[in-house]
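Protein chains in written order, with our numbering: chain L, 1 to 329; chain V, 1 to 388.
Derived from the structure by calculation, the hints contain no laboratory data.
Any given hint could be a false lead.
Unchecked claim - Heads up, simulated DSSO-like pairs for lysine-lysine below, C-alpha to C-alpha not over 30 Å straight-line: (1) V/K328 <-> L/K140; (2) V/K67 <-> V/K382; (3) L/K140 <-> V/K382; (4) L/K140 <-> V/K67; (5) L/K140 <-> V/K186; (6) V/K67 <-> V/K328; (7) V/K67 <-> L/K137; (8) V/K293 <-> V/K328.
Stated by the list, open to error - Sample of chain L residues at the chain V side, in silico, Cβ under 7 Å: (9) E43; (10) D146; (11) I296.
Every residue, glycine too, gets a C-beta built ideally from N, C-alpha and C.
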Amino acid sequence: MPSKAAVSRLSTLGRWRLAEILFWLAAAASVPLLTEHHLVLTEIAIIALFAVSLDLILGYAGIASLGHTAFFGAGAYAAGLFAIHVTNDPLLGLVAGAAAAAVLGFATSFLVLRGADLTRLMVTLGVALVLGEIANKAGKITGGADGLQGVFMAPILGRFEFDLFGHVGYVYSLVVFFVLFVVARRIVVSPFGLSLLAIRDNPLRARAIGIPVNTRLTAIYTISAAIAGVAGALLAQTAQFVSIDVLAFHRSADALLMLVIGGTGYLYGGIVGAVAFKVLQEILSVWTPQYWTFWIGAILVAIVLIGRQRIGNGVMGIWARLLGKGGAA
Amino acid sequence: MFRRTILRGALAAAALAGASFGAAAQEPIRIGLILPLTGPFSTTGKQISAAANLYVAQQNATVAGRKVELLIRDDTGTADVTRRIAQELIVNNKVTAIAGFGLTPLALATAPLATQAKTPMVVMAAATGIITERSPFIIRSGQVVPQIAYPFGTWVAQQGMKRVVTIVSDYGPGHDVETFFSDAFKKAGGNVENIRVPLANPDFSPFLQRVADAKPDALLVFVPSGVGSQFMKQFVERGLDKSGIKLIGTGDVTDDDILNSMGDAALGVITAHHYSAAHNSPTNKAFVEAFGKANGGLRPNFMAVGGYDGMHVLFEGLKKTNGEGGEKLVDAMKGLAWESPRGPISIDAETREIVQNVYIRRVERVGGELYNIEFATIPNVKDPSKIK
């Protein structure tokens, strides 16, 4: 017999909180208010979506991956090639990117299921490296190290053309991001999502109470891959080319880093991390183009030292301590 | 909510910091310089930004009676970042021209943007042939791979060498060197065997063993500049330096920036390139001295000279157009000819490619330091891939 508190907690899990609504309103407000920064905001939206997809498997299913960019890259190349060879409609391109990444995610999920944490790190890393080398070798198809050139996108829905200022690209990326975020949010509060948490916390016990562990993990891995694929497709479409760098290790590492900054297992961690990381990078690299990585590093160390909580909680905790009310954040 | 506020505040602060520079009565001419200043290709960015800063300082940051402002940005060597920064510089900072571009994919990614925005784009480092064909707004001030490799192939054959083995890193520029050198060498009656080695973490020993067995007259090598010293070491360790096989290459291998750290292993290596810090001319002596003085004794390499000349092209063009940009500036830059630290050079009016001398050099010890000493010159080489 579940306790009343637990039941009410579960039933309110999916409810939108005020802070969340305000957050998305603020994001929407950035469209008219921050017109000068739409280009970097587009990049932030894309990597935030990528980080959210990683959070789905890392924060909810406990699958640590060092090669998540395999799906980002697969989506980017699929969308780029789709635009060149089939049709340059952006929305269909997103579907193509998602599909390619999902197929790849489904196929490689069986490799990932075979091992525990360390094995998974290596397997995921390996998959991304292999893909990177394939993209490099298949120069006739992918453009190799020079990148895939000649991606031209048709206007979105036949009406909104991608402009030089990046306004359309930003609104487009933000809308796609929001829609997929809502989907991801729905998934994690559903019974399916809750079963993932059970698997993450204790796979043996989860199996014992009848959760089909492997099927669930395959499913979330595939979903996560598809979302990462859409993020890659967005990059290919807004940048109108694909460089081989989409499969580079540093993309996977950056996504992990953003989750470390923002915290895992609540979806917003990826967004907070992406915003914090990119804004810091933007300010520091303009201020000191040669040495900004030093300052980023110093700030990261500081974050880890202050506590590995979510940034929000950390700030609240310090605030509370300053007010002398103890750490009741 | 407060996260967004922080973001907005921070971005606003950054924008203010940017705007406060341009408080002069007349709008300054802004030039965006996009370079890999961090990451594996950071030396490229450091050399070019140092040289560009030097040039601007030497001109008192003024051209055609207006102030010049150099906006230096780090793209970390990532193509989509390069493109995004270029876009921001054009749209938000209203730059008259963009310059830099450390690697081919970075330049290729930005090329459509230059066309779309009608912004002149000076490519200072990236060296693949196709770049200038991707936009009529691109001018090249560095070098083109075939420009070096092709005449070198011919020259090597003229020295009476019959068989050469090439070892190149398995990526775009490596393939270019292999193709163009081999073409020229075969055309001159030579025999070539091509070996490609992985770009990342190469262990050369199995490949060097193959070379030792083949006993060619010479071994041509092209690897990214950092890996060069590793290659030299293994070449000497295997005793290949005493086997009579000559080590040759394009000047990237004996890059001035790292040549000194290679030690005696590099002595006697013969390379072809467009610039050596030891180039014997008053212009170059003044350049090397000023560059060293401004950068704590750093020796300029071919990247630096590409950046220095790139700024010169822009300044001369702006003088002609009286500060105007766009198509007019590109036209003004076409056909320019002058004496650069590397020797006499010009911008081909038709292809917008640099035309320059290619020098054959040997690594020698001069005054305790290793230098590429030029001993033969192939004058006024145009990019052979665009002649046909």
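Holds or violated: L/D146 as interface residue toward chain V, Cβ cutoff 7 Å? Holds. Min distance 5 Å.
For the pair we were handed, V/K293 and V/K328, check the Cα-Cα distance against 30 Å. Judged against 30 Å, a Cα distance of about 36 Å means the pair is violated.
Less than 7 Å between beta-carbons is the criterion; does L/E43 satisfy it with respect to chain V? holds (6 Å)
Hinted pair, alpha-carbon criterion (30 Å max): V/K67, V/K382. Please report holds or violated. violated (34 Å)
Tell me if the straight-line CA distance from L/K140 to V/K67 falls inside 30 Å. Measuring from Cα to Cα gives roughly 46 Å; hence the hint is violated.
Given the proposed pairing of L/K140 with V/K382, does the C-alpha separation stay at or below 30 Å? holds (27 Å)
Taking only the CA atoms, is the gap from V/K328 to L/K140 under or equal to 30 Å? violated (36 Å)
Can the restraint linking V/K67 and V/K328 be considered satisfied, given a maximum Cα separation of 30 Å? holds (19 Å)
Given the hinted pair L/K140 and V/K186, is their alpha-carbon gap at most 30 Å? holds (25 Å)
Please check whether L/I296 passes as an interface residue: C-beta within 7 Å of a C-beta belonging to chain V. violated (10 Å)
Would you mind confirming whether the straight-line C-alpha gap from V/K67 to L/K137 stays at or under 30 Å? violated (47 Å)
Consistency note: the structure conflicts with the earlier hints numbered 1, 2, 4, 7, 8, 11.
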